[in-house]
Amino acid sequence: MDQVLLQNRELAALVLFGVSIMLLLALAFVLFVSLSQRRILKEQMNAQALEIEYREELLRSTILTQEEERRRIAKDLHDDLGSKLNVLKLNIYQVKKFTGDSAPAEELIGDVKSLLDQTIHTTRRISHELLPPTLQDFGLPTALEELCDGFQRTGSVDIHLEVDDPDARLPQVNSELQLFRVVQELINNSIRHGEARQIGIRLHHGKESLKLHYYDNGKGFDVTRLAEKKGLGLKNIDSRLHLIGATIRYESEPGAGVTATVDLNPVS
Amino acid sequence: MKQSSIHLGIVDDELLFRKGLRALISEREEIEVILEAGNGQELLDQLREGPIPDVLLLDLNMPVLSGVETTKALQKSHPEIRIIILTTHYSKGFIVKMIELGAASYLPKNSEPEEVAETVLTVAAKGFYYNDHVMNVIRENMQRKVKRHHLAHVEISSREKEVLQLICEQYTTAEIATKLFISPRTVDGHRNNLLEKTGARNTAGLVVFALENKVVELTDYWG
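Going down the list, the sequences are from chains V and X.
Here the first sequence stands for residues 1 to 268, where the numbers follow the numbering used here.
Here the second sequence stands for residues 1 to 223, where the numbers follow the numbering used here.
Please note: incorrect hints may appear among the correct ones.
Said to hold, decoys possible - Below, computed lysine to any residue pairings styled on SDA-like, alpha-carbon distance capped at 20 angstroms:
hint, chain 1, residue 1, chain 2, residue 2
1, V, Lys96, X, Ser26
2, X, Lys97, V, Pro166
3, V, Lys230, V, Lys97
4, V, Lys96, X, Leu16
5, V, Lys97, X, Ser26
6, X, Lys72, V, Arg169
7, V, Lys84, X, Ala23
8, V, Lys96, X, Asn136
9, V, Lys84, X, Tyr171
10, X, Lys72, X, Glu27
11, X, Lys97, V, Lys84
12, X, Lys19, V, Leu88
13, V, Lys84, X, Ser66
14, X, Lys19, V, Leu85
15, X, Lys97, V, Cys148
16, X, Lys19, V, Val87
17, V, Lys75, X, Val64
18, X, Lys126, X, Gln165
19, X, Lys197, X, Leu101
20, V, Lys84, X, Lys179
21, X, Lys19, X, Ser111
22, X, Lys179, X, Glu169
23, X, Lys97, V, Asp137
24, V, Lys75, X, Ser66
25, X, Lys197, X, Glu100
26, V, Lys75, V, Thr122
27, V, Lys235, V, Ile248
28, X, Lys214, X, Asn136
29, V, Lys219, V, Ala256
30, V, Lys230, V, Gly257
31, V, Lys97, X, Val64
32, V, Lys97, X, Glu29
33, V, Lys211, V, Pro171
34, V, Lys96, X, Arg28
35, X, Lys19, X, Glu100
36, V, Lys75, X, Leu65
37, V, Lys96, X, Pro113
38, V, Lys96, X, Lys19
39, V, Lys207, V, Lys219
40, V, Lys84, X, Leu15
If you're looking for bench data, these hints aren't it; they were derived computationally from the structure.
One chain only, chain X, in its complex shape (with noise of 0.2 angstroms):
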């Protein structure tokens, strides 16, 4: 089986950064960087143009338009495409905002670049990745959460809640046809109810909703 690249996208004003990463994460063969941008508004005006990235790698600290507001941008035009926030701002109030917004992955930007390599595989085949850190952060949060926000009234089936709970396990659509004895196709049309039931943009907003609504037991993955 022929396995085509990943189309990655590099946003951050510090032009030597974007250069030692791209030549780090260009020898993954699996990974094309196709796009480079120094803040979220050369980022959106690219995209007006050229080809889309599935991927991005996106700093938050940009001048012109922050990476806060290209992510809210992008959410509107282009939900596709699966936003990787790399950054000094590890702390939990942006995790959990980004998170929020619909980020795939949250990284520090002292990350190995092994690490970003693999959150970039892994993001482009699941639709997120949450390392350790970034789960205990949107537990903690959770547990807040519940006090200050009336919880989301969907109805969902237990075929759904199934696939829901093995979509936050990570497994890809292939894996949890397998294990659920069905077809991909079947699969995805779960998805898609449930992103519609939960109004949830993407894979990763649908994580954030299993988590804050306790749809999935998280004990037995995370614990």
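So here's chain V without its partners, still in its complex pose (with noise of 0.2 angstroms):
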């Protein structure tokens, strides 16, 4: 009896002891299995937290040389092309004198004449949309004038500009440049997919900082769903006021406009 006793005691400790060998081998699986995922979930965060700069970086750089391109091509374009034009129109006027009366050479004159004016026109238009003038010599306020004039030109759309200093300049042209790039693409976005018919923009300038009012009365867009459909635009939008550190807020439903509000602060 005292043996049978024995050998089942015996036997309980070794099923016991089985099975907690058992156990702590499934609790090293399930903690291996659990700190391997982590891992590789880390691992597969830094890969995307990477890509994600990585592609911030390639966008910054992208607007970057887009910008230089268009700066120098609007340079060449005007200071060599441009004004070559301008002197071979006076020379034209010139040649008119050792023509005489001859009425072929007057009016050949005048065909050449009417096609430098014409060239000239497209040159200017040209080197003048890739990168206007008035930016740089007189700064944002009279560039979005001018900007919202040609928009006012076209009818469809009535643009209200209030600045409170006209003469205002940043201190970074690259800032002044890429407000101008940014309010731009706002008005595309209003009357292209906004079919807005009235858009009102206003400048505050603080000491170094300034605040930009845009508001529109077309179809509007639900805010909370931003974050995850973002389109081109407002990604570029995104990533030029990343570049010069200033932010954008919008607010916006469904048929109720759209207004935005541009917070350039370099100081904080």
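Build the complex from these two chains, which are given one at a time in their own frames, with help from the hints.
Take a look at the structure:
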């Protein structure tokens, strides 16, 4: 009897021992799996962060390169092509002195002059569209005034611009350029996607800061869904503002137009 | 009456453009080109040494010292020189700014040489010449301007107002004198009073003041 009891006890101990070993193993296994899973997740997140950073960097350098190229082409067009065309036009007038009263020569010269005028006009238009010279010489308010004037002239939209200081300059020319592009993009969005008929822009200059209020009466959009579906235009705006340390906040509802506030405050 | 010739300066960074324009404009015997410069700094250096032109043809886009900066500098050092901007930047923003800075006229660079010569003569005789396009730009800008600028508080007598109105209509001093049955000297007196009261630096400034503050009725003359 005693012996049977003893055998049973040993068996029980053995079973207990085995079970605990198995439990331990299972625990170790679970621990191992969860740890490695966490590590994989972390690596994935790192990779993702790198990817986002890389994309942002890419966008940033794309914007900068694009602007540099635009500036260079505008300058070449204006300085080299444009000014030579004007010299040509003057030379044509001088040729006229030697052709006397020849009617065919007169007609030909007339044709050349009008062609030259068209070419001069086109060169100027392309150059100004690439980089408005007003921006560099007179700053953001004047350049925006010209921009709004251009849109106003199309007759499809009513733009109202309010500026507190028409001669204000920002310390960084690049900031002025990026803000100009942002407003350009906002207006394009309002007209193209929002089908807005009215747009208002208000510039308020601080000492070194700038607040830009923008509104339209277009179709608007759902701000809560902004994070998931941002179009290329809005991403472009984000990157440009990020580049100069400015922020933008949208307020909108479907059917209620769009309000946007841009904040540039290099000090903070 | 012997007509003394108008002394003209041409400032442009394109040498061939200067030569071409000089050749064409010199055909007018009333105009004598006495100065050429490749940029604003060259101009200022030459003004320190040599003769002062009555009228300048000034490009805007130039290296070293741009036309904008040159105009600002000249308004301080030589307000008597009348500046005609001759440029490819023929946009609203530029026109408004340059007129505000005191430019007596504003022409696109590919203007007919005849028109350039005529503008030189008009500016020399009357102090300014704004063609229809420039007038429209000033008028459009004026409508906006009222919102953002407070109007200048200047007391102008009714006689001065008459003179100002005729100045804006591009009458010469002699013509104004005849019209108002006063002597040319009195007209000049009124003009000087107006300059002093408005703080304008030249006739062009007076015209801009008159337009922006609606001292004169526009529609009758440019409508």
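Right, here's what the structure says about each hint:
no.: 1; hint: V:Lys96 / X:Ser26; in the structure: 16 angstroms, holds
no.: 2; hint: X:Lys97 / V:Pro166; in the structure: 10 angstroms, holds
no.: 3; hint: V:Lys230 / V:Lys97; in the structure: 63 angstroms, violated
no.: 4; hint: V:Lys96 / X:Leu16; in the structure: 18 angstroms, holds
no.: 5; hint: V:Lys97 / X:Ser26; in the structure: 14 angstroms, holds
no.: 6; hint: X:Lys72 / V:Arg169; in the structure: 17 angstroms, holds
no.: 7; hint: V:Lys84 / X:Ala23; in the structure: 17 angstroms, holds
no.: 8; hint: V:Lys96 / X:Asn136; in the structure: 33 angstroms, violated
no.: 9; hint: V:Lys84 / X:Tyr171; in the structure: 38 angstroms, violated
no.: 10; hint: X:Lys72 / X:Glu27; in the structure: 31 angstroms, violated
no.: 11; hint: X:Lys97 / V:Lys84; in the structure: 26 angstroms, violated
no.: 12; hint: X:Lys19 / V:Leu88; in the structure: 12 angstroms, holds
no.: 13; hint: V:Lys84 / X:Ser66; in the structure: 19 angstroms, holds
no.: 14; hint: X:Lys19 / V:Leu85; in the structure: 14 angstroms, holds
no.: 15; hint: X:Lys97 / V:Cys148; in the structure: 17 angstroms, holds
no.: 16; hint: X:Lys19 / V:Val87; in the structure: 9 angstroms, holds
no.: 17; hint: V:Lys75 / X:Val64; in the structure: 16 angstroms, holds
no.: 18; hint: X:Lys126 / X:Gln165; in the structure: 13 angstroms, holds
no.: 19; hint: X:Lys197 / X:Leu101; in the structure: 18 angstroms, holds
no.: 20; hint: V:Lys84 / X:Lys179; in the structure: 47 angstroms, violated
no.: 21; hint: X:Lys19 / X:Ser111; in the structure: 16 angstroms, holds
no.: 22; hint: X:Lys179 / X:Glu169; in the structure: 12 angstroms, holds
no.: 23; hint: X:Lys97 / V:Asp137; in the structure: 10 angstroms, holds
no.: 24; hint: V:Lys75 / X:Ser66; in the structure: 15 angstroms, holds
no.: 25; hint: X:Lys197 / X:Glu100; in the structure: 17 angstroms, holds
no.: 26; hint: V:Lys75 / V:Thr122; in the structure: 14 angstroms, holds
no.: 27; hint: V:Lys235 / V:Ile248; in the structure: 11 angstroms, holds
no.: 28; hint: X:Lys214 / X:Asn136; in the structure: 15 angstroms, holds
no.: 29; hint: V:Lys219 / V:Ala256; in the structure: 6 angstroms, holds
no.: 30; hint: V:Lys230 / V:Gly257; in the structure: 17 angstroms, holds
no.: 31; hint: V:Lys97 / X:Val64; in the structure: 36 angstroms, violated
no.: 32; hint: V:Lys97 / X:Glu29; in the structure: 17 angstroms, holds
no.: 33; hint: V:Lys211 / V:Pro171; in the structure: 15 angstroms, holds
no.: 34; hint: V:Lys96 / X:Arg28; in the structure: 16 angstroms, holds
no.: 35; hint: X:Lys19 / X:Glu100; in the structure: 30 angstroms, violated
no.: 36; hint: V:Lys75 / X:Leu65; in the structure: 17 angstroms, holds
no.: 37; hint: V:Lys96 / X:Pro113; in the structure: 12 angstroms, holds
no.: 38; hint: V:Lys96 / X:Lys19; in the structure: 16 angstroms, holds
no.: 39; hint: V:Lys207 / V:Lys219; in the structure: 35 angstroms, violated
no.: 40; hint: V:Lys84 / X:Leu15; in the structure: 10 angstroms, holds
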